[in-house]
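Engineer: Here is what each chain is made of, one letter per residue.
There are 2 protein chains.
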Amino acid sequence: MTDTHPFDEAIQLDTVGADTRRGRTHPEWANMVGPFGGITAAAMLRAVETHPERIGEPLALTVNYAAPIADGDFDLTLRAARTNRTNQHWIVELSQNGEVKTTATAIYAVRRESWADTESRPPSAPAPEQVPAVDPGLVRWTGLYDMRFVEGAMPGKDGDPSPSSTTTLWARDGAGRPIDYPALAALCDIFYPRVFLRRGGFIPSGTISLTTYFHADRHQLDALDNDFVLATAHANRFSGGYSDQSAQVWSRDGGLLATTHQIVYFKG
Amino acid sequence: MTDTHPFDEAIQLDTVGADTRRGRTHPEWANMVGPFGGITAAAMLRAVETHPERIGEPLALTVNYAAPIADGDFDLTLRAARTNRTNQHWIVELSQNGEVKTTATAIYAVRRESWADTESRPPSAPAPEQVPAVDPGLVRWTGLYDMRFVEGAMPGKDGDPSPSSTTTLWARDGAGRPIDYPALAALCDIFYPRVFLRRGGFIPSGTISLTTYFHADRHQLDALDNDFVLATAHANRFSGGYSDQSAQVWSRDGGLLATTHQIVYFKG
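Chains as they are written, first to last, in full-length UniProt numbering: chain A, 1 to 268; chain B, 1 to 268.
Just so you know, these hints were derived from the structure itself, not from any lab.
Treat the hints with care, as some may be off.
Pairs count within a copy or across copies, as identical chains cannot be separated in the list.
Said to hold, decoys possible - Calculated lysine to aspartate or glutamate pairs in the EDC-like style (CA-CA distance at most 20 Å, straight line): (1) 267 x 117; (2) 267 x 225; (3) 267 x 119; (4) 267 x 160; (5) 267 x 57.
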C-alpha cells in the first residue's frame, strides 16, 4: 500500500495528541458541498484504527454529518467511552477551528466462531466484466471508482421519474486499492441520492446520518483484494423533506460484506 | 397522560443540571440483564426533549448499549454538538457512578412540505382483533405490551429451527398509553433476538447498537393515539457471533412510522 493513492492520501492522519488526529480534505474526493461522505466515514474509522487502545475489528459505525467540512485541515478527537472484554465503544468528533462538523460512534469487536448463515440473497446481476463502466459525473469523487450500473443508473437532466428507488451497481476502486474496513465504509456511501431516481433528475440533497454494520471479518476482506463488490440500495419512505436508504454490499461470490442505512434530506 | 403508567414512570427524568438529567430503572421494564433496550432508548430521547435548546422533532437516533445498566439511578448528560437552522445533532451519555453504560447520538430536525411517497409496503396481516394476544414471557417487560404475532412468534424450549428470521406482530401499549416519539423509539426494539427464531430456542444475545429513523411527524403520531402498530423484523446475516436486524413499524392504515436497524451479539 502506497501513500500515493488518493484514498490513502485522503485518510492519512497525523497524531497531534494521544486522542487527537489531524487530517485534511483532498480535492479529488470533493462532493457537491465538502468531501464525499464516504471518505469522511473512512477517515473517522481510520482514526480509531490508529489508536493504541483499540481492540478488535469494526462492527458498527454511525456517522452524523452535522455541517459541511471546509477545504483544509480537520481535527479528529476520539475517546473510548467503554472498553469491554470483546467490544469497545468509541465517540469520535471531527472539528475545524473548534466547530464540530461531524460526529460518530464506532463499535469495535472481537469476532469468534459461531453458528453462521446469510439469509439475504444478492440481487441478480451479470458479471461486472459484462457491464459498461460509467462515471455519473456531477461530482468529482465518482471518478475515483469504477462503477458499473446494473439497475437504476443516475438519471440525466430532465430524466424520467422512476417508480423504483433501487440502484444496483458493481463498484471498485479505480486504482485497484485493496478493500479494507475504511474502504468498505466508504463504499457503503457510494450511492447517489435515491430521490434523484424517483424524481428523474438532480434534487439538492445530502446524507445526515449513516450507519454501517460490518459483517465481513478481516479474512473475508483480504480475500477480496481489489475485486468489484455488488452494491444495492433502496429507499423506504420520502416525507417531510427527508428519506431513508437501506443498502447492502456483496462480494462477487455471494458474501454479504456490510449492511448500511442512512437518512437523507432533500429539497423539492 | 398520567405519571402512574409504567412507561411514563420509566422515562421520568429529573433535571439535576443544565445538561444533566437523572432517571432510574423501573422493575417492570426488566430484561434478561438490565432494562429493556427500548426503554433506555426512550429515556435518552426524552432527555433531549426536556432540553430548552432542542429544536424540531426526532429524525434519527442511534443508541449504543455499552454495558448493562444496574438497578437504580442513572445520569444522562447531553450536549448539542451542532445546531443548524433546521437540524440539531445531540450526543447523550448514560452513566452510573461515573461509568458509561450507554451512548447515543440523536438528530432532531424540522420537517417541511416536500414531495412524498412510501415505496415500501407493509406485510400482509389480519386485523389485530383477529389475532390472539400472547406474552412471550422470558423477560418481564413484554407483559407491558399487548403483542399479537402474525408470523414468527418466539419459539419455546426445544423449538424447531426456522429457515426465516422474520417476525411480524401487532403491538400496543398494554395500558393504552398514546404513542409519542419515546414510545415509538421503544416499539422499535420490541422484537426478541432473530437468532432465537433461526435456532429454535433461547440463545444468549443482546443488542449492541440500535439505529432508528423516525418517518412519522407529530401529526401522524397524534392520529395513532394508542392503536396497534404492525412491526416486522428480519436479519440479513449471522456470523462471527453477531447478526443484524432490519425492521419497520407501520400504522394500521399503511403509514410507515419508522425504519430501524440493529446489530446484536449472540453466543452459540
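Engineer: Against this structure, judge whether each hint is valid.
Structural biologist: Hint check results:
When the C-alpha separation of residue 267 and residue 117 is checked against a cutoff of 20 Å, the pair qualifies only between copies, where the shortest distance is 14 Å, while the shortest distance within a copy is 40 Å. Taking the closest pair of Cα atoms, residue 267 and residue 225 never come within 20 Å of each other, the shortest separation being 39 Å inside a single copy and 30 Å across copies. With identical chains, the CA atoms of residue 267 and residue 119 are at most 20 Å apart between copies only, with a shortest distance of 18 Å across copies and 36 Å within one. Taking CA atoms no more than 20 Å apart as the test, residue 267 paired with residue 160 passes inside one copy only; the shortest distance there is 18 Å, against 49 Å between copies.
Proximity of residue 267 and residue 57 under a CA criterion of 20 Å is satisfied inter-copy only: 18 Å between copies versus 37 Å inside one chain copy.
In this structure, the one hint that does not hold is number 2.
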